[in-house]
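Please model the complete structure; the sequences and the hints are all you need to start from.
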Amino acid sequence: MIIVGEKINTSRKAIAEAVGKKDAAAVQAVARAQADAGAQYIDVNAGTFLEQEKVLLPWLVETVQEAVDAPLCLDSPNPEALKEAMAVHKGRPLINSISLEKDRYDALLPVVAENPCQVVALCMAQAAMPTTADERIAVGAELIEKLTSAGMALEDIFVDPLVQPVSVDVRMGPAVLAAIAGIGERFPGVGTICGLSNISFGLPARRLINRHFLGLALSHGLSAAICDPTDAEFMSALAAVNMLLGRDEYCVEFIDAYEKGLFSKHA
Amino acid sequence: MDFTALSETVIKGNMDGAVQETQKALDAGSDPQQILDQGLIAAMDVVGEKFSQGTMFVPQMLRSAKTMQACVALLKPQFQAGTVSSKGKIVMGTVKGDLHDIGKNLVAMMLEGAGFTIVDLGVDVAPEAFVKAVADESPQILGMSALLSTTMPSMKATIEALKQAGHRDKVKVMIGGAPVTSQFAKEIGADRYAPDAGSAVSEVKGMMAAG
Numbered sequence: 001m002i003i004v005g006e007k008i009n010t011s012r013k014a015i016a017e018a019v020g021k022k023d024a025a026a027v028q029a030v031a032r033a034q035a036d037a038g039a040q041y042i043d044v045n046a047g048t049f050l051e052q053e054k055v056l057l058p059w060l061v062e063t064v065q066e067a068v069d070a071p072l073c074l075d076s077p078n079p080e081a082l083k084e085a086m087a088v089h090k091g092r093p094l095i096n097s098i099s100l101e102k103d104r105y106d107a108l109l110p111v112v113a114e115n116p117c118q119v120v121a122l123c124m125a126q127a128a129m130p131t132t133a134d135e136r137i138a139v140g141a142e143l144i145e146k147l148t149s150a151g152m153a154l155e156d157i158f159v160d161p162l163v164q165p166v167s168v169d170v171r172m173g174p175a176v177l178a179a180i181a182g183i184g185e186r187f188p189g190v191g192t193i194c195g196l197s198n199i200s201f202g203l204p205a206r207r208l209i210n211r212h213f214l215g216l217a218l219s220h221g222l223s224a225a226i227c228d229p230t231d232a233e234f235m236s237a238l239a240a241v242n243m244l245l246g247r248d249e250y251c252v253e254f255i256d257a258y259e260k261g262l263f264s265k266h267a
Numbered sequence: 001m002d003f004t005a006l007s008e009t010v011i012k013g014n015m016d017g018a019v020q021e022t023q024k025a026l027d028a029g030s031d032p033q034q035i036l037d038q039g040l041i042a043a044m045d046v047v048g049e050k051f052s053q054g055t056m057f058v059p060q061m062l063r064s065a066k067t068m069q070a071c072v073a074l075l076k077p078q079f080q081a082g083t084v085s086s087k088g089k090i091v092m093g094t095v096k097g098d099l100h101d102i103g104k105n106l107v108a109m110m111l112e113g114a115g116f117t118i119v120d121l122g123v124d125v126a127p128e129a130f131v132k133a134v135a136d137e138s139p140q141i142l143g144m145s146a147l148l149s150t151t152m153p154s155m156k157a158t159i160e161a162l163k164q165a166g167h168r169d170k171v172k173v174m175i176g177g178a179p180v181t182s183q184f185a186k187e188i189g190a191d192r193y194a195p196d197a198g199s200a201v202s203e204v205k206g207m208m209a210a211g
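Protein chains in written order, with this note's numbering: chain H, 1 to 267; chain D, 1 to 211.
There are no misleading hints in this set.
These stretches of chain D come out as covered by chain H in the derived footprint (C-beta under 8 Å, 3 or more residues): (1) 55-62; (2) 88-101; (3) 147-154.
By construction, these hints were calculated from the structure, which means they are not laboratory data. Every residue, glycine too, gets a C-beta built ideally from N, C-alpha and C.
Shown next as structure tokens:
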């Protein structure tokens, strides 16, 4: 599974402070910690800075890529900020995200179609958030068809089925899982991605819920997750699930993780 | 009459029990307004407090609110038209460009549980639509929600639109949503910021008390 490290986001207080002061060392430390823990992509988000985002997002790209040799996940719906950030990005970024909301789609399509990149296709339609698996699959399918017609390769599209909290409606768990499986069946080669932690909003013991949801999502075919790779319990769960799904030949990675001391003594 | 048993069933989200207790209170000749205030709304106050303290969680809050709604449905025919006292009117919505409704719905539900009348404009509500609702409904409070940093500026635009239409002084403005902060509320000239549904209720009560 592809891990997108979620921690460089200005909605987190420490990051907002670091970005506000342009404290490159602080940002780079968070980037390195995530890459060392196994993140293949580093997410960067300066959304809370509103008008300054178009200056700060490219600053984050340069700052992070100075420290870490990895592609970034550019987390913004703002075409201006994305263009500036893509101009300084080394390699192909993952753009997070385009959706079927008309204004957002129209603004972002040229940005993703005209530049080398991968893209997250968020299952959000014009009128309302999807609730059922079928609604999610329908929005995902329409986005995939539009993006491929615009010249994007199937392999460069990651559909985000939009995780919603089970605390509000317990059907949200099965709906997202069925959507992950459904999109994978209908469009072999396309990726699926989600931010897992939204599933546990409004409940206690959120990290426990997130870990189990990870296992379920992977068994339904999830190919990428936006998560905190420095969370050892989460990464332990990932190692076990990968092995159990037959993706870890001779259980090499699982045993490696054990020997590196990733698992708690109670594991 | 003592409504402790009724309150406890509502706090627990025991719908059948709460409906029975409500019926019992009615049969005993209790005033429906008292049942509402001292039994149901008092229970939801406790739920809101516990939620804010982190000792109750969203599904429990939802269940309590649904339980209260079932009891209110039983009480309604007992009120003569126009005799239910509302604690005040609140117009609410998620701002333009934003489709997130979970947080807004939780806040609306808890405010309703606290005895306020809610006019819910839904999601993707343009500044003009908020202004029109303030003009038409004359609420004491306008509540706006935004879950995206990109839609937060629409809160500011709505406050500006209220000023231009000459309605800003007639209504208090409360805002909330994951990326929203009290600092942002100050910057855009909102009156209050509420981080969750429980504190939204106490903020609204504070504003109503201040007049």
